[in-house]
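Number of protein chains: 2
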Amino acid sequence: MTINLEDIQLAAQRLDGVAIRTPILTSALLNERLNATVYIKPECLQHIGAFKFRGAYNRLSQLSPAEKARGVVAFSSGNHAQGVAYAAQLLKLDATIVMPSDAPAIKREGTARLGATIRLYDRETESREEISADIARQTGAVLVPAFDDEDIIAGQGTCGLEIMQQLQALDCVPDCVLSPCGGGGLLAGISTAVKGCNAGTKVYGVEPQHYDDHYLSKQAGERVKIHPQLKTVCDALMATTPGELTWSINSKLVDDFLRVSEDDVAHAISFAFRYLKLVVEPGGVVALAAILQNKLNITGKTVAIVLSGGNIDSQSFSKCLEEFPSP
Amino acid sequence: MTINLEDIQLAAQRLDGVAIRTPILTSALLNERLNATVYIKPECLQHIGAFKFRGAYNRLSQLSPAEKARGVVAFSSGNHAQGVAYAAQLLKLDATIVMPSDAPAIKREGTARLGATIRLYDRETESREEISADIARQTGAVLVPAFDDEDIIAGQGTCGLEIMQQLQALDCVPDCVLSPCGGGGLLAGISTAVKGCNAGTKVYGVEPQHYDDHYLSKQAGERVKIHPQLKTVCDALMATTPGELTWSINSKLVDDFLRVSEDDVAHAISFAFRYLKLVVEPGGVVALAAILQNKLNITGKTVAIVLSGGNIDSQSFSKCLEEFPSP
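Line by line, the protein sequences are chains B and W.
Just so we're aligned: 144 in our numbering is position 144 of the first sequence, and the numbers increase by one with no gaps anywhere.
Just so we're aligned: 31 in our numbering is position 31 of the second sequence, and the numbers increase by one with no gaps anywhere.
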């Protein structure tokens with residue numbers, strides 16, 4: 001069970017004219033500061049403000065008519081929620097989303113606006129897996145996993161395929177690509193696309209310091225489950241163990257994992273505000289944070305980074321700007 | 001004395017590979033809310049965070065070797081300052097910028113970082129024109145006007161040319177184009193480009209309510225000078241009379257002028273944060289504000305809007321998000 005470049009190319013056909021082909025951006029200031037050539041893939045400009053729409057639409061558009069009639073159910077802190085809700089809206093399906101009660105308001109409201117039914121749960125006392133399974137049993141709805149699914153991964157991989165195509169159009173092959181890593185779906189899709197296009201390009205996953213399950217799994221040589229003592233602002237990257245399928249891909253294709261602190265994240269959000277003029281959420285900004293903090297030596301290199309989402313509440317955003325006024 | 005489409009095409013050649021060809025963005029949510037097809041030209045993603053680099057580079061790159069050796073001087077509240085400073089840096093010229101002491105810190109710091117010499121002045125008691133003329137007399141530096149100059153206007157017009165080319169590539173001709181209007185340089189360039197490509201596309205300039213010198217000039221049938229009693233947050237649009245050259249163009253080519261309130265501006269900044277994931281400054285957001293506030297009937301129409309800059313201090317930005325949490 002795995003995916004290859006062809007699966008991603010097929011997903012790209014399904015998404016053609018439906019998903020936004022996000023641009024590749026550059027910043028002379030960023031290049032000068034890092035002494036490197038950095039290409040930015042801003043998935044915050046994707047529908048629903050995050051890459052998650054890609055995988056969701058690729059999955060939902062392939063449901064059978066009978067499945068479509070029964071609708072879908074998904075659990076997510078917010079971006080997968082909105083991705084599934086918007087894909088369901090476009091395909092005219094019913095969608096139920098199981099969300100933690102502490103999800104950012106912007107993500108909850110976005111999901112509701114897209115017409116999905118929301119079932120809130122308590123992260124501490126309830127199991128989102130059980131609630132979702134119950135709903136699936138009662139309604140016959142198809143459960144749409146957030147990352148551990150071939151169609152989801154292939155959909156997210158179209159982001160990586162676009163990076164390689166867009167850079168090729170600039171006569172450029174990146175030395176490395178950095179992507180955020182939560183459950184590992186985006187990273188698995190991107191690493192498959194990137195290595196499929198050019199085996200020599202290195203791929204890095206970036207995690208929050210306290211949610212470094214991929215980093216530790218790589219150290220251990222097998223999937224490990226972590227038990228974080230500290231919270232992270234990166235609500236989109238709070239997975240505690242790599243997905244089974246995503247790990248089977250990422251353990252082979254990802255060259256290394258990098259970790260960034262909570263301060264690194266807030267600093268990068270303020271940097272993106274001030275110099276890139278982009279709104280990026282905590283979980284979406286970690287690849288930028290990694291290069292700004294020299295977690296990888298990229299001097300003289302050509303680097304692509306994915307800014308995977310921009311759904312952040314205004315209070316959290318303002319706090320980052322206040323903490324790092326001169327990023 | 002005027003400019004035509006060919007001047008803009010020549011400017012585009014000079015800017016090719018130097019300026020950023022900013023993308024065209026869309027938002028399903030914006031289209032749904034306005035029941036229109038809106039294309040967004042985000043010049044906040046241009047070098048120095050505003051369109052002003054286009055005109056400055058088009059002007060400076062055409063200086064003679066003797067002029068280049070003497071350097072340039074310009075006065076500006078911030079974006080023209082940074083545009084001239086960055087163009088001068090690329091072309092290895094000395095630049096002196098005369099800036100008001102109340103210019104946003106982000107613009108002052110940006111100008112200094114680009115290596116320009118800054119001469120601050122007091123808006124109330126000093127004349128920037130006299131200070132700049134003095135500097136030009138003493139050093140032989142060439143004065144680079146902010147808007148009332150054929151090369152500056154032609155450079156800004158490349159933004160309008162790109163809009164028409166990028167929409168043509170999508171098999172689309174816009175019914176109308178909306179642009180911010182301060183001194184009228186961007187608007188003169190855009191109206192020349194747009195009408196040159198398609199005479200039937202309507203062009204609108206948007207001003208802050210209290211700085212509506214173009215609106216009033218159109219009513220009067222001649223250039224009028226206003227004496228605003230109230231300030232505006234749109235520091236980039238504080239001209240009190242249309243430029244002579246820009247008005248000779250805009251009075252012929254611009255179909256109408258629209259006005260937005262201070263609240264409309266803050267609301268649109270918050271909207272761009274929340275739904276477009278873009279950082280837009282007050283003067284840059286007025287075209288978006290105009291369509292969000294139904295200042296023009298665009299139902300069923302195809303509309304292009306220019307977001308002309310994104311250089312806003314974090315405190316001002318956070319204040320807009322706080323005032324309009326659900327834009």
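Hints are computed from structural coordinates only; laboratory data are not their basis.
A hint or two may mislead.
Identical chains share a label here; the pair holds if one copy fits it or two copies do between them.
Stated by the list, open to error - Lysine to aspartate or glutamate pairs mimicking DMTMM-like chemistry, simulated, CA-CA at most 25 Å apart: (1) 319 x 16; (2) 319 x 109; (3) 92 x 32; (4) 319 x 263; (5) 301 x 16; (6) 68 x 134; (7) 301 x 149.
Here's how the hints hold up against the structure:
Proximity of residue 319 and residue 16 under a CA criterion of 25 Å is satisfied in neither setting, with 37 Å inside one chain copy and 39 Å between copies. In this assembly of identical chains, residue 319 and residue 109 lie within 25 Å of each other by CA distance both inside one copy and across copies; the values are 21 Å within and 21 Å between. Proximity of residue 92 to residue 32 under the C-alpha cut-off of 25 Å is restricted to the inter-copy arrangement: shortest distance 16 Å between copies versus 47 Å within a copy. For a Cα distance limit of 25 Å, the shortest separation of residue 319 from residue 263 qualifies both inside one copy, at 11 Å, and across copies, at 23 Å.
Proximity of residue 301 and residue 16 under a CA criterion of 25 Å is satisfied inter-copy only: 24 Å between copies versus 31 Å inside one chain copy. Proximity of residue 68 and residue 134 under a CA criterion of 25 Å is satisfied intra-copy only: 18 Å inside one chain copy versus 74 Å between copies. For the homomeric pair residue 301 and residue 149, neither the shortest alpha-carbon distance inside one copy (33 Å) nor that between copies (40 Å) is at most 25 Å.
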